[in-house]
Amino acid sequence: GDSVTQMEGPVTLSEEAFLTINCTYTATGYPSLFWYVQYPGEGLQLLLKATKADDKGSNKGFEATYRKETTSFHLEKGSVQVSDSAVYFCALNGNFNKFYFGSGTKLNVKP
Amino acid sequence: DGGITQSPKYLFRKEGQNVTLSCEQNLNHDAMYWYRQDPGQGLRLIYYSQIVNDFQKGDIAEGYSVSREKKESFPLTVTSAQKNPTAFYLCASSRGLAGGNTGELFFGEGSRLTVL
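Just so you know, the sequences run in chain order A and B.
First residue of the first sequence? That's -6 in the numbering used here, and the numbers climb one at a time after it.
First residue of the second sequence? That's 25 in the numbering used here, and the numbers climb one at a time after it.
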């Protein structure tokens, strides 16, 4: 079945450091891929998405490229800020409009 | 503004009581979902509905029930049969099957249920 695996956290970085959060997926068919962000006590917000192979999603300095050959969708940001501290979820929309989420990666950014 | 409204934000329940969490959307979305999130955990699907008057069990449906009588509403009842109901509950919606699989999920702000 469809599934998403993302790197365990927490990830702790200093401000202005480079961020990578790894995400790989298993899916039948051609899913769409997403990154969501969750701040404490809130719901999830869409950060970026990609709907087909080689698409690059980007938003607020974050980027992720849909790599079909490696079944990956790694999240990157060149220079993180304290305000980026949150939990990040990788997700896919597979067959029958059913969504699958990774377990989440907590990011802590220190000043 | 269009969005998803969950209520109440916080809810306390005594053991043996049923409680109902409300979820309303004005996005004109066909599909709606309920997820459970435990501290430090990912999201687990409870129930989902692709269209009015139809819904399917997710991965952890035992002890929960839903209804989908209106397009904009998808209430979740946590019954006394749910042995460990303390959790954060998230409602979400999407365009549904008519939108293919390119549409994203839109989430409400969540409801935190605590069993006393």
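Hints in this document: simulated from the structure, not taken from any laboratory.
Keep in mind that a hint or two might mislead.
Take a look, some chain A residues computed to stay more than 10 Å from chain B by CB distance [as the list claims (entries may be wrong)]:
#1 F55
#2 E69
#3 P104
Once the Cα atoms are required to be at most 30 Å apart in a straight line, the calculated BS3-like pairs of lysine-lysine come out as [stated by the list, open to error]:
#4 A:K99 with B:K95
#5 A:K91 with B:K107
#6 A:K70 with A:K49
#7 A:K91 with B:K33
Calculated Cβ distances over 10 Å to all of chain B for the following chain A residues [as the list claims (entries may be wrong)]:
#8 S7
#9 F11
#10 L37
#11 K42
#12 E56
#13 S76
#14 S96
#15 K99
For every residue, glycine included, the Cβ atom is placed at its ideal position computed from N, Cα and C.
Does the no-contact call for A:L37 survive, Cβ to all of chain B over 10 Å? 5 Å, violated
Quick check for students: does the CB of A:S76 sit more than 10 Å from each CB in chain B? A:S76 clear of chain B: closest Cβ-Cβ about 19 Å, beyond 10 Å.
Report holds if the minimum CB distance from A:P104 to chain B is greater than 10 Å, and violated otherwise. 24 Å, holds
Should the label of A:S96 as a non-interface residue stand, given a Cβ cut-off of 10 Å to chain B? About 4 Å separates A:S96 from the closest Cβ of chain B, which leaves it inside 10 Å; violated.
Status of the stated non-contact between A:F55 and chain B (beta carbon gap over 10 Å): 15 Å, holds
Determine whether the non-interface label on A:S7 survives the test: each CB of chain B must be over 10 Å from its CB. Its Cβ never comes within 10 Å of chain B, the nearest being 23 Å, so this holds.
Taking the minimum C-beta separation from A:E56 to chain B, is that value above 10 Å? The claim holds: A:E56 sits with its nearest Cβ about 17 Å from chain B, beyond 10 Å.
Given the proposed pairing of A:K91 with B:K33, does the C-alpha separation stay at or below 30 Å? 26 Å, holds
Using Cβ atoms and 10 Å as the threshold, tell me whether A:E69 really stays out of contact range of chain B. 20 Å, holds
Least C-beta distance from A:K99 to chain B larger than 10 Å: 8 Å, violated
Would you check the hint for A:K70 and A:K49, treating anything up to 30 Å between C-alpha atoms as holding? 13 Å, holds
Say whether it holds or is violated: A:F11 keeps its Cβ farther than 10 Å from all Cβ of chain B. 25 Å, holds
In terms of the numbered hints stated before, the structure departs from hints 4, 10, 11, 14, 15, listed from lowest to highest.
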